[in-house]
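Engineer: Now for the letters of each chain:
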Amino acid sequence: MWNALFIAPYMLVFMALLVVPLGLGMWLSFQDFDMLAGYGGPVGWENYEQLFGDRIFLGAVRNTIWFVFISVPAFVGLGLFLALLLNDGSRRAGFFRSIFFGSSVLSVTIVTLVWRLVYMPDRGLLQNIAGMFGLTAPSFMTTEALALPGIAIVTVWWIIGLPMMLFLAALQQIPKEIYEAAALDNASRWRVLVSVTVPAIRRTIVLVAVVEVILQFQLFGQANLITNGGPNNASRPIVMFIYEAGFRDWMLGYAAAASQVLFVLMLSAAMLQMWIGRQRGGG
Amino acid sequence: MAGISLRNVGKSFGSVEVIPDLSLEIVSGEFLVFLGPSGCGKSTLLRMIAGLEEVSGGEILIDGARVDALPPGQRGVAMVFQHYALYPHMTVRDNMAFGLRNIGMAASEIDRKIADAARILEMDHLLARKPAQLSGGQRQRVAIGRAIVKEPKAFLFDEPLSNLDAALRSRTRIELARLHQQVKATMIFVTHDQVEAMTMASRIAIMNQGRIEQVGTPLEVYRRPRTRFVASFIGTPAMNMLPVRLLGAEQGGAVVELPGGQRVRTRVPASGLGAGGALELGVRAEHVSTGGGIAGRAEVVERLGNRTLAHARLADGALVVYEDAGDSAVAVGDAVSLGINPAQVHIFDASGVGHHAT
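In order, the protein sequences belong to chains W and L. 218 is the number that my numbering gives to position 217 of the first sequence; each next residue is one higher, with no gaps. 509 is the number that my numbering gives to position 242 of the second sequence; each next residue is one higher, with no gaps.
None of these hints come from the bench; they were simulated from the model. Just so you know, even glycine gets a beta-carbon here, dropped at the ideal spot from N, CA and C. Keep in mind that the hints are not guaranteed to be accurate.
To be verified - Here are the simulated BS3-like cross-link-like pairs (lysine-lysine), alpha carbons at most 30 angstroms apart as the crow flies:
(1) K177(W) to K420(L)
(2) K397(L) to K420(L)
(3) K177(W) to K380(L)
(4) K380(L) to K451(L)
(5) K380(L) to K397(L)
(6) K380(L) to K420(L)
(7) K177(W) to K397(L)
(8) K420(L) to K451(L)
Stated by the list, open to error - Under 10 angstroms between C-beta atoms, here's a sample of chain L residues computed to sit facing chain W:
(9) F280
(10) A352
(11) N369
(12) A373
Kindly generate the complete structure, drawing on both the sequences and the hints.
Structural biologist: Here's what the structure looks like:
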């Protein structure tokens, strides 16, 4: 009984900062709570009904899912690719690891500022390079179909370091002898990758995918600073919608309901991935 | 089945020379054991034959064809690793089939080979399991099975028994010896355990600091160690080594004086020993017996059941191990008098070369 005291500090913080706000958010989503008009009492599912009729919200859900869909495979694929390239003890590898991880420490403000200079129509780096070949660079910031991919490129460039490091750590756990056995077994490089390396780091692949799904569903800063949700709402993610509903329009109940939708989306995506990971592992 | 030739093979890691210059002919079908202490280069040598380490110099030939530039898979050898190196996510069957599939062998042929290997190693019931579901001994079998199905020209074993417990190790030794008779392939086995070497080898190559000290059958290296290193490395307990002075010769045999002043008339020819250099007399515990002119006091008595090993301190401070009967009455602190069998001694000269009784 007294043993419970040992986990009490953690439990208190966990309750105060996670469980209570979660419950409060759920409660709030069933209230009419407008900071300008005041508290209007419980309204049942009205906030949700309104949300699913809101064209901008539905667009934001679509945008967010699309963003997750293009960025997470890039994090897994590119992260693994970089880790495989840099998985040796050489100085060169150490140097490039630092370079690729280095960008992760930059704040979103710096990163978006840099990339705005790259993407800028007419005068940006991309246009300058394309111009040397007499071409016109695609305008990521002003083309509806390219806005989210553009933000995905920025995001991958920014925080590819963590997936790469997780993959590197996993690769270094694989005993060298297994690769030697594979060499004696006449396995080609591709065969070694598919039959030895990838199965050995399967857990890390699932981990990276789940972590990135959870992170990328919360896209906000980059979209807010690069395109401000445009053009024509083409890059407005759910978190930005929540922010605007809550802190620009002061409709807290409405924003809380949108948050619950995001929560359910993230939860189901993560669960689905873990379930898939478990299926292939066979236990 | 094939012979393997190592010709002036050398290996350096950076500026560190691990194997200076080594030549050895391994006869087709023999069970050759590389034996030596940790860091003597025996594993490196095996890995060079396998192609897992590049050679810094010299040539390696398998079956008369030069292989030292070929990748490991194309040398026609199979290796059993110290930690087995099974593919953890594959079943036993897939572990064995992996190498065969990679060379495009037909599925029916693969099945037949796996069935044969499983029968030889009595592991049919394990084929559907994964390595994590196997005991250490079973993993060992799978690793051997993975080598057998390839029908290699030579089997390479890198200390494969060191992770097994004592009982399993001695059983696996016997199985490996039986396997060697069954498949009649060339086998090269690396170990630091002299019992493994003595029990399984057709020939033992004893290595020290990257050089081969002696190559010979187990009894040759035991009875006629070419160097002091071999003499002290082979045999348990280690051979007694006593510093001696050469007095002269009687009937061609060297007469030496122990530090305590006792004289030993040996049957080692005195002619090759040179004059006046520092010599050492080597004699195994079983060739020292009670009832002689050398006085000492028993310090440690090890009772092994069938025999007793007693460690006696001589007057001059040297420690001599001798063998006595299993029911010997000797006790710690007893005064003992010892004699050395002159027909079974070895004399090592200043350069460590052994001279043996004729």
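Engineer: So, for every hint listed, does it hold in this structure?
Structural biologist: So, going through the hints one by one against the coordinates:
At roughly 24 angstroms between alpha-carbon atoms, K177(W) and K420(L) fall within 30 angstroms of each other, so this suggested pair holds. For the given pair, K397(L) sits about 28 angstroms from K420(L) by alpha-carbon distance, which is consistent with the 30 angstroms threshold. Using a Cα cut-off of 30 angstroms, the hinted pair K177(W) and K380(L) holds, with the two alpha carbons roughly 27 angstroms apart. Restraint check for K380(L) and K451(L): the C-alpha separation of about 17 angstroms stays at or below 30 angstroms, so the hint holds.
Distance hint between K380(L) and K397(L) is fulfilled; the C-alpha atoms sit about 19 angstroms from each other, no more than 30 angstroms. In summary, the hint linking K380(L) to K420(L) is supported, as the alpha carbons are separated by about 16 angstroms, within the 30 angstroms threshold. For the hint linking K177(W) to K397(L), the alpha-carbon distance of about 19 angstroms falls within 30 angstroms, and the restraint holds. As the CA atoms of K420(L) and K451(L) are separated by approximately 10 angstroms, the hinted pair is consistent with the 30 angstroms bound.
With 10 angstroms as the threshold, the beta carbon of F280(L) stays out of range of chain W, its nearest partner Cβ sitting at about 14 angstroms, so the hint is violated. Contact between A352(L) and chain W, as hinted, is supported at the beta carbon level, the nearest pair being about 4 angstroms apart and thus within 10 angstroms. Interface hint status for N369(L): upheld, as the beta-carbon distance to the closest one in chain W is roughly 4 angstroms, under 10 angstroms. Interface hint status for A373(L): violated, as the beta-carbon distance to the closest one in chain W is roughly 16 angstroms, over 10 angstroms.
In summary, the numbered hints that this structure violates are 9 and 12.
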